[in-house]
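Participant: Residue-level listing of the chains:
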Amino acid sequence: MLRSAVLLWMLSLPFISQAESTQLAQIFPTSCHFSGTFTQNKHIEGISFPLQSEGDFYFSCNFGLVWNTITPFPEALLYANARMNYRVDEQGKIEEMPSTTRYVMSQFFLRLLKGDAEYFENEFSVSALQENQGTLLVPKSDFMKRGLKHIKVNKRLLSDSANSVQLDIEISDATNQVTHIVISDILEYEIEDRQAAVEQCLELYPRPLQWCRLMRSPGYYNR
Amino acid sequence: MVTTLMRLFFVAAILLMIVIIAAHPERIQIDTSLQDLNPESEADQGVTVAKDTLLKDISQRFIVVIKAEDEKTLAQATSALKKDYSAIPELSLIMADTQAQDYLQALAPYKYALLTSQQKERLLNKSAEELARQAQQKLYQIGNGVRLVPFEEDPLGWYSDFVLQHVQDFSINDDSQHAQLKFNTITVLINTPVEGLAAQENLYERINEVKRSVESAYSVTILQSGMFFFAVDSAQSAKGDIQLIAIGSVLGILVLMLLVFRSLLPLTLSITSIVIGVSFGIFVNTMVFGGIHIFTIVFGASLIGIVVDYSLHYFYHFLVNDKQHLSQPTRDKSKSTLHRAMFLSMLTSLIGYGALALSDLVLLQKVALFSCSGLLLAWMSVMVLGPFIAKRPITARQTLLMSVVAGVRRLFATKQIGFVAVGLGISIAATVWLYTTDVDINDDPRRFFMVSEQLLNNEQEVAALAQVYEPGRYFIVHGKAEADVYSTLKRFYQSVGESRQYLTSVLDWLPSSEEQIANHKLQEKLYQEDGVLARFYERLGMDPRMAEAPRNAWLAAREKRLNFDNLRQSLPALPPLWVEYNNTIYSFVLLKKGSDLNTLSQASEGLDNIEYSNALGSAIEALADQREKGLHMLLLAYVLLAVMLLVTYRKTSAVALLLIPICASALAIAALVALQQPITIFHIMALFLVLGLGMDYLIFAREMVEKADVTQQAILLSAMTSLLSFGLLAFSDMPAISAFGSTILIGNSINFVAAISLFNHTKDA
Chain F
1 MLRSAVLLWM LSLPFISQAE STQLAQIFPT SCHFSGTFTQ NKHIEGISFP
51 LQSEGDFYFS CNFGLVWNTI TPFPEALLYA NARMNYRVDE QGKIEEMPST
101 TRYVMSQFFL RLLKGDAEYF ENEFSVSALQ ENQGTLLVPK SDFMKRGLKH
151 IKVNKRLLSD SANSVQLDIE ISDATNQVTH IVISDILEYE IEDRQAAVEQ
201 CLELYPRPLQ WCRLMRSPGY YNR
Chain D
1001 MVTTLMRLFF VAAILLMIVI IAAHPERIQI DTSLQDLNPE SEADQGVTVA
1051 KDTLLKDISQ RFIVVIKAED EKTLAQATSA LKKDYSAIPE LSLIMADTQA
1101 QDYLQALAPY KYALLTSQQK ERLLNKSAEE LARQAQQKLY QIGNGVRLVP
1151 FEEDPLGWYS DFVLQHVQDF SINDDSQHAQ LKFNTITVLI NTPVEGLAAQ
1201 ENLYERINEV KRSVESAYSV TILQSGMFFF AVDSAQSAKG DIQLIAIGSV
1251 LGILVLMLLV FRSLLPLTLS ITSIVIGVSF GIFVNTMVFG GIHIFTIVFG
1301 ASLIGIVVDY SLHYFYHFLV NDKQHLSQPT RDKSKSTLHR AMFLSMLTSL
1351 IGYGALALSD LVLLQKVALF SCSGLLLAWM SVMVLGPFIA KRPITARQTL
1401 LMSVVAGVRR LFATKQIGFV AVGLGISIAA TVWLYTTDVD INDDPRRFFM
1451 VSEQLLNNEQ EVAALAQVYE PGRYFIVHGK AEADVYSTLK RFYQSVGESR
1501 QYLTSVLDWL PSSEEQIANH KLQEKLYQED GVLARFYERL GMDPRMAEAP
1551 RNAWLAAREK RLNFDNLRQS LPALPPLWVE YNNTIYSFVL LKKGSDLNTL
1601 SQASEGLDNI EYSNALGSAI EALADQREKG LHMLLLAYVL LAVMLLVTYR
1651 KTSAVALLLI PICASALAIA ALVALQQPIT IFHIMALFLV LGLGMDYLIF
1701 AREMVEKADV TQQAILLSAM TSLLSFGLLA FSDMPAISAF GSTILIGNSI
1751 NFVAAISLFN HTKDA
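If you read the sequences in order, they're chains F and D.
In case it helps, my numbering puts the first sequence at residues 1 to 223.
In case it helps, my numbering puts the second sequence at residues 1001 to 1765.
In isolation and in its complexed conformation, chain F is listed as follows (with noise of 0.2 Å):
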């Protein structure tokens, strides 16, 4: 009886890998080049509402992230590359990102867009949320358990329209703070180099001129 349990239990492994990776698969884009609208809501412990904020993006895995937050607040984020990354306030002015920004974005947030696998399977516990809610995604390592508790992602597909998904992000981090990010109106993009990545996203974002010419430069932010 106990060696079959243990034959069952070492046949199922395999299949425990390859079941977190075809739940990964459900929550990936199925593009590396896409743009959107997103509404935010944050709970925050503490403040007895949630805070909204809605905006635009648009993402390249060639190019990177344009983060733009319309209201409450117009601001955007410019994500470049691993180190290089820029907050542009209403005014139009940008600076440096902050490290925690910088490394939450990094950590997580691209590399959700940009379907990377590999390291969701490996830095994070991945299983299915009951009642098809989606995919529950919970760190492993006591370093990011610091600081986050755990992600909730759901992709769905629209009623309304035949291909339309939506993918809803629930972030739960460790001061109990909750942000939920829905992330719809999804346009995939044929982009083959990085050149067709730029001009993608002057056409998007075609003022301010800097927000593109920075994200294809990003010394040009330190000149």
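Be aware that a few hints might be false.
Only part of the chain D face toward chain F is listed, based on derived beta-carbon distances under 10 Å [to be verified]: (1) V1047; (2) L1074; (3) Q1136; (4) Y1140; (5) I1142; (6) V1149; (7) E1152; (8) E1153; (9) A1341; (10) F1343; (11) E1538; (12) P1544.
Note that these hints are calculated values from the structure, not bench results.
Since the model is a prediction, treat every value here as computed from it, not as a measurement.
Using N, Cα and C, we set each Cβ at its ideal position, and we do this for glycine too.
For this one, chain F is given, so just place chain D on it according to the hints.
Facilitator: Same frame as chain F, but now just chain D:
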């Protein structure tokens, strides 16, 4: 009268040694500090105290890096390692990822005295309404939403921002690597200094046992790096040398004595004099230096070969008298000659070893004290106990020794003038060659040791993965008041510009008291009635009266100041960056690996009250200086001995005896240079021994020339024991010890050949 005094002194010294060692056996500690090889001395006592404080801290911490294939294994292995390390009472652990939290907790009670430079600028230049709006806007941001402190404790998020800006030195910068490379870092503190080699080895073994068990249980790689491992590694290597030299020397002497005298009596005196000499050397060193350094024992183990000479010469003298049945007056004269020869021999050895004390190198000072005190008491033991042994007839098997002596003489002494001419000629040629050739000199103390490859590789790998500071390279800022030190630090940071990211000083951890007072005052804008916080709550649609509690807390914190010592108590990972001594403050600026040391050093040059300290560079310079000084001291020792020879023999020709150790020294160094051995201070210091030992043989050969055959046998035996000891040193794995041994091995062999060949049947050389 002199004999009685000597006996009294001898007995008193032995009794004192036995009483003190019996009462305080714990005082006999084997010290393994590597600092004894650093001759750097500071004119400013405060700088020395500050540097010693930093050095002590560095020597009591090590870094452990755990590398794994995946995150899960890494977490399990780290947890197991933490648990096993925690079971070792001498150790405390600091995890890289808990340091930010510790810092946060340490600063929390003082949060109203803390502001970043951007926050100060904003308080000075922005209106309360604008600041309230910015704080509200920040709540909506995606990344900045991750707070270190819950909203209720830090609603504006300013304290959280202060901490985040200052924790760059912790793990946040390395986290992108953290995810990919799968490693964890633990800083381990050794709670109290581990005294003594045995205790160090014991701790070393327990640490390694934990490493081995976790590595095998989880298939991870564990790298350990720190001064502690280097000290224990070199001590273990030295311990092997001590065993080799001590066992080799004692066995060699046992065999020789038994073969020659075929009696246990002479052997007993020889062994007694060795035991007394070495024990007294250890005792005096412990009393003066508070312990015995492991390298002192290694060098000192070679003392066995010299100490035994006194008993050899003593027995050979009585052997002669016994056989020749001399009349009483002749015996008395002969005994007086022996005493004179033994005294001169001891004196020359004391001068040779004593000259080592003139070096600024603590290690050589210890060797000098160990050897001189040991030699003196060993000599006394022979002079005091010898007569009791010599009452019985002593016989010796002389045939073999005579044939060896005859063989040497046939080789070198058949044509003495030719031998002298050739010897002098080769020596002059060697000296000229040494002057004209580009001799490889090494003053780098790192190359004096034999460090295991694995330890060096670990060190490099850990340096690449973890945040470590440049070893032995830093800046020291000094000033009378805290404000002066902070002002110098700020000017230095400004002058280095972007490179400030490579620096760590108090400036990165804590504002000055003055600044903390100013910060508290500036925060009035945040907490006053209708201030930023009240407006912030109002903008959020919350009750502005919620700002009252933080306002009261701010008011209550008016007098609260945090100083570096208190911060360090909460954050033991912090190095001692702040040292106060004699009304002066010394503050360190540590340099992270990868810093452009030249640029940083140049940036400090135009500034007052800041100095760049390069411990390795200074040590190399100081050792080079010591090497040169050593040569001058050697010259002085030759002059002193020339005076002594002139006073003793009242003949200028007696000074010519010194030509023998001079030639031996020149030939020894030339031979080692030819063998491509880089010349170090240890070669130069060994030349003092070549002089001392050479004079030892020559004085006996010259004094006892009337019984040349027997004296030469004694010299042969004496040379064999010395060469055995120093020969064993020459084969040590430690380059420093090997340099010392090989110089004496070659130099003393030449001394021996000259003593045998040149003092045959004539009274004068």
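Participant: Each hint should be assessed against the structure and marked as holding or not.
Facilitator: Hints, verified against the model:
{"no.": "1", "hint": "V1047", "verdict": "violated, 35 Å"}
{"no.": "2", "hint": "L1074", "verdict": "holds, 7 Å"}
{"no.": "3", "hint": "Q1136", "verdict": "holds, 8 Å"}
{"no.": "4", "hint": "Y1140", "verdict": "holds, 4 Å"}
{"no.": "5", "hint": "I1142", "verdict": "holds, 7 Å"}
{"no.": "6", "hint": "V1149", "verdict": "holds, 8 Å"}
{"no.": "7", "hint": "E1152", "verdict": "holds, 4 Å"}
{"no.": "8", "hint": "E1153", "verdict": "holds, 9 Å"}
{"no.": "9", "hint": "A1341", "verdict": "violated, 75 Å"}
{"no.": "10", "hint": "F1343", "verdict": "violated, 72 Å"}
{"no.": "11", "hint": "E1538", "verdict": "violated, 13 Å"}
{"no.": "12", "hint": "P1544", "verdict": "violated, 14 Å"}
Checked against the numbered hints listed earlier, the structure breaks hints 1, 9, 10, 11 and 12; every other hint is satisfied.
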